[in-house]
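Enquirer: Residue numbers (our numbering), protein chains in the order written: chain A, 2 to 281; chain B, 2 to 281; chain C, 2 to 281; chain D, 2 to 281; chain E, 2 to 281; chain F, 2 to 281.
The hints are simulated quantities; they were obtained by calculation from the structure and are not laboratory data. From a predicted model like this one, the values you see are computed outputs, not experimental measurements. Please note that a few of the clues may not be correct.
Heads up, the list lumps identical chains together, so a pair's fine if it works in one copy or across two of them.
[As the list claims (entries may be wrong)] Capping the alpha-carbon separation at 16 Å, the derived lysine to aspartate or glutamate pairs in EDC-like fashion look like this:
| # | residue 1 | residue 2 |
| --- | --- | --- |
| 1 | 278 | 167 |
| 2 | 234 | 212 |
| 3 | 166 | 199 |
| 4 | 276 | 217 |
| 5 | 278 | 212 |
| 6 | 166 | 178 |
| 7 | 276 | 171 |
Number of protein chains: 6
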Amino acid sequence: MLEMEAVRKIIRRALEEDIRSGDVTTSNALTGSETGLATALAKEDLVVAGMDVFREVFRLRDGGLLYETELIDGARAPRGTILATVSGSLASILTAERVALNLFQRMCGIATLTKQFVDAVAGTKAKILDTRKTMPGLRILDKYSVRAGGGRNHRYGLYDGLLIKDNHIEAAGGIAEAVRRVRGQAPLMVKIEVEVKDLAEVEEALAAGADVIMLDNMPVHAMKQAVQRIGGKALVEASGNVTLATVRAIAETGVDFISAGVLTHSARAADISLKVKRRP
Amino acid sequence: MLEMEAVRKIIRRALEEDIRSGDVTTSNALTGSETGLATALAKEDLVVAGMDVFREVFRLRDGGLLYETELIDGARAPRGTILATVSGSLASILTAERVALNLFQRMCGIATLTKQFVDAVAGTKAKILDTRKTMPGLRILDKYSVRAGGGRNHRYGLYDGLLIKDNHIEAAGGIAEAVRRVRGQAPLMVKIEVEVKDLAEVEEALAAGADVIMLDNMPVHAMKQAVQRIGGKALVEASGNVTLATVRAIAETGVDFISAGVLTHSARAADISLKVKRRP
Amino acid sequence: MLEMEAVRKIIRRALEEDIRSGDVTTSNALTGSETGLATALAKEDLVVAGMDVFREVFRLRDGGLLYETELIDGARAPRGTILATVSGSLASILTAERVALNLFQRMCGIATLTKQFVDAVAGTKAKILDTRKTMPGLRILDKYSVRAGGGRNHRYGLYDGLLIKDNHIEAAGGIAEAVRRVRGQAPLMVKIEVEVKDLAEVEEALAAGADVIMLDNMPVHAMKQAVQRIGGKALVEASGNVTLATVRAIAETGVDFISAGVLTHSARAADISLKVKRRP
Amino acid sequence: MLEMEAVRKIIRRALEEDIRSGDVTTSNALTGSETGLATALAKEDLVVAGMDVFREVFRLRDGGLLYETELIDGARAPRGTILATVSGSLASILTAERVALNLFQRMCGIATLTKQFVDAVAGTKAKILDTRKTMPGLRILDKYSVRAGGGRNHRYGLYDGLLIKDNHIEAAGGIAEAVRRVRGQAPLMVKIEVEVKDLAEVEEALAAGADVIMLDNMPVHAMKQAVQRIGGKALVEASGNVTLATVRAIAETGVDFISAGVLTHSARAADISLKVKRRP
Amino acid sequence: MLEMEAVRKIIRRALEEDIRSGDVTTSNALTGSETGLATALAKEDLVVAGMDVFREVFRLRDGGLLYETELIDGARAPRGTILATVSGSLASILTAERVALNLFQRMCGIATLTKQFVDAVAGTKAKILDTRKTMPGLRILDKYSVRAGGGRNHRYGLYDGLLIKDNHIEAAGGIAEAVRRVRGQAPLMVKIEVEVKDLAEVEEALAAGADVIMLDNMPVHAMKQAVQRIGGKALVEASGNVTLATVRAIAETGVDFISAGVLTHSARAADISLKVKRRP
Amino acid sequence: MLEMEAVRKIIRRALEEDIRSGDVTTSNALTGSETGLATALAKEDLVVAGMDVFREVFRLRDGGLLYETELIDGARAPRGTILATVSGSLASILTAERVALNLFQRMCGIATLTKQFVDAVAGTKAKILDTRKTMPGLRILDKYSVRAGGGRNHRYGLYDGLLIKDNHIEAAGGIAEAVRRVRGQAPLMVKIEVEVKDLAEVEEALAAGADVIMLDNMPVHAMKQAVQRIGGKALVEASGNVTLATVRAIAETGVDFISAGVLTHSARAADISLKVKRRP
């Protein structure tokens, strides 16, 4: 579930960014009493994410608007699907339209791309993970959209997961020392993950007792060896410029998780239009 | 110039989103006294945008970090270019790294895509424009990045430009009436633009005295006729799912401006890495 | 229309400023169950502005209060007119009273003064404009009140209008250069205005292609010459310590707009009282 | 002393209101490297208030600007006095100018008007007080300006003074009951004031043990009687549409304090200009 | 009465602190459609404070939750008392539970301790006062809880009471000078209190005309002498590490007020449980 | 390490709560030019926590104050120890004093109490844990203070740990189902903990594959059996009204962790005074 209190902050900020002192076109070209119906239409095949966000934009703008949909997040919507309708004051709808679409199109775009990754690894044990390469200020939406597309979340931020990367290892003087340091201090409920670049480091991470081992940018055959060596003693995550073209081969190495920054740092906005009809 | 006070708000929010109660890995794996040098490297050809933003993330995290670069926004940086270096506390650098990259990669990504559009219309009079299809909360950065890539900004939001779209026209009962209404009320310094879908509406917009006429999703030959009919009596903007494949033909119709939502709603993040070396 | 989301921020801040930890008088002297009726009365002739603001203060304080009025913004209300009534919890009304009046009296004060300027130029083509000399934090209300009084808005801030003043001209090394610089960079939808102090500068501004020319503190006869010289090639605005005593003569020079800082930097609060009667 | 942390919030909000996404004129017409000197000049006789506020606006905009003045708040500055100078980046000065002046002119305006009231009662024991009729969001500045003009502050808000007005009395069923209720509950350090409209109510207020008695809109001869009757058993405040024309006569009745809403709800902005010279 | 607008800010901040990106347990372990009843139970004898705060936490989390209680703040609730019930969505109740209890337990804890102090001085004229030693960010709740327990509030902060302590006296060069300085500048409605450490200083404070005299850490017999010397010419407050063991003897010296920091800086949380039952 | 950006928010809010419109005593009784030295003294044996917070309060109030200490967080400070000194403007020190002490005394109080628990279990394998029963708005400080006292943190909030309590189990229809649900959805890096009340539930939790098992309010002998049954297959946490009197016996059952709400919901403020001396 999406934490709506956090979502509302994002929406209010977005509406304020777009409207500020007022929508000069709508407030002057309309009398304010016109009513009508707006229809959100999928103009390409997509996976739905963000229905509650889309609705909430209109609701925060005008509590009197009515919203209807028959879809839920995670559903596939082929080109031509009516995603939702909003009815009520045309002035309210027109002023909120752009923000609602900007958020909804991004969320559906991420879910759609994620689903493509998930489908690509179907039949393997690998789960698709997101990263922290999310849009600044929108992480909660980005990570939710990945889940709507069938992916799983890695950590939310620097505060809720111990991921010891190459830089930390260098700074601490080795994997063993780095893990030792964090183990003594970390919050009880957080796992420890170690990033490794070759099999030698896999050994070190195992010896240090990592909960999760991240294979960073390793060739597929090395990943396979690593998975066998780890043999269930830790969870295994593959990472590093994973694409739709490469994800299947990585999954077949037997890793537990594959993380892909592209899901959130370079997702295209889904093509969705909002058509408005005035009520006579 | 970027309004840095507004940028700082974005950065603080992004750092807070990522760090919250603390970077548990860095604060535990490092002693805090390690120092070193971080190098930002272009891993593909790109156009630079957001140098000040990149630096400001590190500066806000730790005023003692030193930043150096020889590039300015708008510069082309071929694959392999060192974009900037940051030196000082490793703990500070590692904690700020992700936010700095997330912002910088997006900005460079937008600038790079914009430049491709600008190059595609070279030799015509057409200027490339952005739209309001920006990332919620990041509009000021998105629009700046478009400028860094050689594009121009349309309006910033609903408050600083009168753009009468089909919906407003329907609500008002025609172009003439819609323009008449807004003309009497609008702030003095804001222009009036009318969106039209065919030549008949071009006539109406001209008659109503629009400052700018937006040709929305019109075929190229119709755009050409529209440009001739308008004959300099208003500025002409072409709009509607413009892509790199179609932009040149549109530019050759003689329009003054071409707006492309893709610049900001679907730009890929530029590929940039940050490598850290510890000082002995 | 007033952007109510922005207005609510102003009201919440004002209530917080006045109430903070609590209204110690009302919360102690009343039991909290008393109800009654409050009547807002015009104690001098005035032009109404801010009805929605006045109501919203009470509504934000206590959603259960009832509000009634038969007047709309822009209406003339002679001395003795009942402007509105509020009924419900006396404790709520008494605690919100001062903030509601402080805002309403200022807004009516500005509208009333603006209407005097508008009436003074009746029969000429000149429109009365406001400036950026508004009360910090209350600009949206000040500018709305000017519209309620029959005036027009100039720009909202530094972000939505290009106004090249003497200082910019000096810095850029002349009007031509200053206009050339901004023309290449400015957002599409924003007009360019140039401030001039004599006829020589009028020529330069015309040559540079200004959309609007501001005659700053020029004598009336020089304004007249300027208007003739410009001859419709740009809009003309007169500015500089305009008062009720001087505005008519300025309007008769044929300028399109007259801006007056006094409307917002020195408007008197309209005299309005709120009388409360307890329900038995 | 002014609480500068609170002042900075006001200034940041004001700058944000005026600049938002950026000062499009200054950032485009200037290169950003121009430097110069700005001189704030009194264009009428005034009493200075807000020197620290004026400086802080420039300092918050650009920490590199230099500020100089030889005056302190409360000083009289005749027409033609140079109030202060600011030097450094012209872009910074021009962008901050309007906000700095808007605040400074209001503060000097209030101080100047207050001093006129203070001078008018010279030789009597009466002190001039402000009210809660301040500009929403700017109360801390308004009340400081009154002090700079030689006035005293009444309470800051509903939270730091018990003022039982006619409405509270009606709700509570009489002065005695109202005072009794608040006395048992009020914070220790806050005084109790009762508003009375005639001599009968003066008796009641005295009997109830009020610390301060406010004579509301009473004729001068009745005030005189009230003062004699009270005979030092409580402080006496006169209130109700007090003007420069009436304040002397009121003071001569022997009241301790005279409060005047006009000081803050209707003060004119003092006439101050900022002239900028570019450094060659 | 509690100022609920200020309370809501505290609650929103607390919920955000606890929930941030989402309650991962509740949102995943529950379907979201489960409903039930939660019962708040006193697990020790206590004095109730914060009923409205407890309810408001649930209401802000989910407007659909129903709340019932038969108790009001200030009531004594023996061990085993059902304090309140909340019914509706189990997901909403479980997510809000901890914040609701954290606030409610603290408030009841303070009220309970305060009541013990109040009972200890029963029959004397002494009133129990709080101090500014409250939990940062929660002062409004702490001070309200003291009132619910039968105590009185001293000042709210540095802004609404003039308390001249030893440090101010040293800085000003003596009690007389310190009082003289503040008397000329202070807001009209605020009393002046002077902290004294012996009888000599009592004399000075009396001579200076203090409204309240605080006997700081004086022996009981000296307090008695001080009370007699002051003889009603000022209110008398005893202060300094007052405990339940010492408060009675202090009260019997005849002081008007006794302030105790322990009420808020070291109150235990009252023992309250929330038991949830699922509706079939 | 403490995340200082989050700490500064807490401090600013606390200063604002105490000072608001201004410290009327200090700003009036002092001239503002007095300087001096303030000494923070331990008036009882304590464990230090919050040195950086104490210093930051003064630094945020006045960047010119100098701070010195020879102690670090976690150090034991016997009664009479000088904890730190602050020197500079007396006005700045006096205004910030109360907030600095309120925060510092709470933090040292928590660390001191935690250390008593840690000492009580010395020689066993048990680590002392905190809970979410922290002071609303101050959780980051409370949890840090527990670490300074030698304790460990459980989770920070509902977002960074999956703790399935009895209520979740009831709602989901059993431990197995609840764990199954969360396992499929939870972020990768977060552990799953199950609360159990008897040995039967221990079996279920083990079967479901819990990472951590919390023994809630179980008798000591039952805990011992549970530890043996679990046999290292999950971490074991003991919980439920743990006190200094009971903690040792619990530790000797062999549990890995013991959590104690009392550390943060009922810690006494450490007794610390700040003595100020004026520089001649």
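Enquirer: Compare the structure with each hint and give your call.
Expert: Tested hints:
When the C-alpha separation of residue 278 and residue 167 is checked against a cutoff of 16 Å, the pair qualifies only between copies, where the shortest distance is 10 Å, while the shortest distance within a copy is 57 Å. Taking the closest pair of Cα atoms, residue 234 and residue 212 come within 16 Å of each other both inside a single copy (8 Å) and across two copies (14 Å). Taking the shortest Cα distances, residue 166 and residue 199 sit within 16 Å of each other inside one copy (13 Å), while across copies they are farther apart (41 Å). For the homomeric pair residue 276 and residue 217, the shortest alpha-carbon distance between copies (14 Å) is at most 16 Å, but the shortest distance inside one copy (46 Å) is not.
For the identical chains of this complex, residue 278 and residue 212 are neighbours neither inside a copy (56 Å) nor across copies (27 Å), given an alpha-carbon limit of 16 Å. For the identical chains of this complex, residue 166 and residue 178 are intra-copy neighbours only, at 13 Å inside a copy versus 35 Å across copies, given an alpha-carbon limit of 16 Å. For the identical chains of this complex, residue 276 and residue 171 are inter-copy neighbours only, at 12 Å across copies versus 56 Å inside a copy, given an alpha-carbon limit of 16 Å.
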